[in-house]
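> Could you put together the complete structure from these sequences and hints?
Per numbering that gives the first Met the number 0, the sequence shown runs over residues 0 to 152.
Just so you know, the hints here were simulated from the structure itself, not pulled from any lab data. Careful: at least some of the hints might be erroneous.
Derived lysine-lysine pairs resembling BS3-like cross-links, with alpha carbons at most 25 Å apart [as the list claims (entries may be wrong)]:
(1) Lys84 with Lys14
(2) Lys146 with Lys14
(3) Lys146 with Lys84
Being a predicted model, the structure only gives us computed values, none of them experimental.
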Amino acid sequence: MRARYPYEFVGKHHKLLLELIVFLFVLLFVFTGATKLMEGDRFFNNLNNSPIIPGKAIAIVLSWAVPLLEIAVAALIAWPATRLKGLYSALALMAFFTLYVAGIVFFSPYVPCSCGGVITLLSWPQHLVLNTVLILLAITGIRLYGKKKPTFP
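The following block contains the structure:
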């Protein structure tokens with residue numbers, strides 16, 4: 000039987016949709032975290048030249064903390080016992096990243112170099128849209144997780 004409403008489709012396939020969201024966030028955070036660690040100097044320089052990051056000391060801390068945090072959040076999401084905490088952490092990270100990008104788009108006197116990896120193909124406004132979509136996916140994942148009663152071996 001064909002679903003008449005989008006929520007009917009989600010209701011029938013919420014486990015699959017949740018696993019796709021989990022896979023997407025694990026892939027995203029491992030890729031971006033690893034890229035930032037491998038291109039550490041470039042990421043640091045982008046942070047150091049940002050009109051929003053206040054000073055070199057903060058840029059140094061963030062150049063290590065952000066990629067390590069991204070990888071840690073990916074691990075939380077990947078492990079079923081901590082998945083919900085990981086999804087909440089992903090939501091928080093994406094909210095912070097979105098605030099940063101919004102600050103660049105709307106309040107910055109100039110636009111610094113973009114992020115590394117695939118994101119370099121996006122403009123700052125497009126990056127803002129992508130982050131907003133990822134926030135909505137994190138919220139969807141949290142809600143879908145609440146609909147199932149996980150059992151762990």
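> Take the hints in turn and mark each one as holding or not.
Hint check:
1. Lys84 with Lys14: holds, 17 Å
2. Lys146 with Lys14: holds, 9 Å
3. Lys146 with Lys84: holds, 15 Å
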